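Enquirer: Once you've looked at the hints, dock chain U against the given chain Y.
One line per chain: the protein sequences are Y and U, in this order.
Using my numbering, you'd call the opening residue of the first sequence number 1 and step up by one each time.
Using my numbering, you'd call the opening residue of the second sequence number 1001 and step up by one each time.
Since the hints were made in silico from the structure, they are not lab data.
Check the hints yourself; a few may be wrong.
[Stated by the list, open to error] Computed spacing ranges between beta-carbons, pair by pair:
(1) Y:N20 <-> U:L1086: 26 to 36 Å
(2) Y:Y77 <-> U:H1039: 22 to 32 Å
(3) Y:G16 <-> U:K1057: 33 to 43 Å
(4) U:A1068 <-> Y:P18: 46 to 56 Å
(5) Y:T3 <-> U:S1007: 25 to 35 Å
(6) U:S1111 <-> Y:E62: 40 to 50 Å
(7) U:G1017 <-> Y:P18: 32 to 42 Å
(8) U:P1112 <-> Y:D51: 43 to 53 Å
(9) Y:G16 <-> U:S1007: 35 to 45 Å
(10) Y:R109 <-> U:Q1005: 21 to 31 Å
(11) U:H1039 <-> Y:Q41: 11 to 21 Å
(12) U:L1011 <-> Y:Q41: 36 to 46 Å
These numbers come from a predicted model, not from an experiment.
Each residue gets a CB set at the ideal place from its N, CA and C atoms; glycine is no exception.
Listed below, chain by chain, are the residues.
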Amino acid sequence: DTTVKQNPRYKLARVGKPVNLICSQTMNHDTMYWYQKKPNQAPKLLLFYYDKILNREADTFEKFQSSRPNNSFCSLYIGSAGLEYSAMYLCASSRRGGQDTQYFGPGTRLLVL
Amino acid sequence: QQKVQQSPESLSVPEGGMASFNCTSSDRNFQYFWWYRQHSGEGPKALMSIFSDGDKKEGRFTAHLNKASLHVSLHIRDSQPSDSALYFCAASDYQGGRALIFGTGTTVSVSP
Chain Y
1 DTTVKQNPRY KLARVGKPVN LICSQTMNHD TMYWYQKKPN QAPKLLLFYY
51 DKILNREADT FEKFQSSRPN NSFCSLYIGS AGLEYSAMYL CASSRRGGQD
101 TQYFGPGTRL LVL
Chain U
1001 QQKVQQSPES LSVPEGGMAS FNCTSSDRNF QYFWWYRQHS GEGPKALMSI
1051 FSDGDKKEGR FTAHLNKASL HVSLHIRDSQ PSDSALYFCA ASDYQGGRAL
1101 IFGTGTTVSV SP
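Excised from the complex, chain U in its bound form:
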């Protein structure tokens, strides 16, 4: 079973709208979360990390973490066509030198 699960697989939002999607870890050892974004033809790029309960805001992006349920969400305010991309959630266990466990991604399409 996939340790990190994302939903939905894809979503469409109008320009200027709010995009929201989710991620859950099934392993309590993996409770440090990252959001990565991948545009076509490029490698994934880190958007933000969240390690504590609650909200973390960076510009138009807000992540929310509930450590009790190991659920994290990402919200994109005022979505732009340039936000159209594949968004990965990734979890780590902060054991030092360990790599990330990725979800399968959510494809976001922002239409002008």
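The following block holds chain Y by itself, in its conformation from the complex:
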């Protein structure tokens, strides 16, 4: 089973409110990623966990938080949503290494109003 699941599939949030997105995988992958994708733009890496070590991109460091309570689950947390957070959020997992296939979930579409 190469399934990555994401919940919810659609999320409506109000400006200034927190948002929590969930991702799970059962492939025992040691690395899990979160990407943000806006229309007509490339998916952009936000952060990734290798095992229990969190790596956040420099330009999104303060905007997103994440937790990984166990190997299978990973969350993406926005403390105070702004209009600019409206996007598709893609979760992926892989074994560590640039030559390993990343498996993506279907994404969560977040709309902030």
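Expert: Same frame as chain Y, but now just chain U:
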């Protein structure tokens, strides 16, 4: 500047025809390439990877890499309507645990 650039943005091919599109990395550190395909309503799925110079063929799909120019192309032979999708090129630096740098994608439409 986008590190991974794709062209064209979109193309249309007749069923049974050949679809070809391109990708270039502007960073010599990112020289390991992937092609991902995304159908509407789904997440991207890996089609194939290519890490060495030359051609790599998987079924109807052939990727070609020129490492000197960091240019990679994907060719779809005998295109089917089910090949209609958004195709992403992605590059990695194989440093272990590093994620992919994606291009903006090429939308392929295959008409019956």
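Enquirer: Against this structure, judge whether each hint is valid.
Expert: Verification of the supplied hints:
Checked against the hint of 26 to 36 Å, the C-beta distance between N20 of chain Y and L1086 of chain U comes to roughly 28 Å, which is consistent with it. Between Y77 of chain Y and H1039 of chain U the CB atoms are about 29 Å apart, so this pair conforms to the stated range of 22 to 32 Å. Between G16 of chain Y and K1057 of chain U the C-beta distance comes to about 52 Å, which lies outside the given range of 33 to 43 Å. The hinted range of 46 to 56 Å is satisfied by A1068 of chain U and P18 of chain Y, whose Cβ atoms lie roughly 49 Å apart.
Our hint of 25 to 35 Å for T3 of chain Y and S1007 of chain U holds, since their Cβ atoms are close to 33 Å apart. For S1111 of chain U paired with E62 of chain Y, a C-beta distance near 46 Å keeps the hint of 40 to 50 Å intact. Take G1017 of chain U and P18 of chain Y: their Cβ atoms lie about 49 Å apart, and the range 32 to 42 Å is violated. P1112 of chain U and D51 of chain Y have their C-beta atoms about 48 Å apart, which keeps the hinted 43 to 53 Å range intact.
Range check, G16 of chain Y to S1007 of chain U: Cβ separation about 40 Å, and the 35 to 45 Å hint holds. Our hint of 21 to 31 Å for R109 of chain Y and Q1005 of chain U holds, since their Cβ atoms are close to 26 Å apart. In this structure the hint that H1039 of chain U and Q41 of chain Y lie 11 to 21 Å apart at CB holds, the actual value being about 19 Å. Between L1011 of chain U and Q41 of chain Y, the C-beta spacing of about 19 Å breaks the proposed range 36 to 46 Å.
Consistency with the previously given hints fails for numbers 3, 7 and 12, ordered from lowest to highest.
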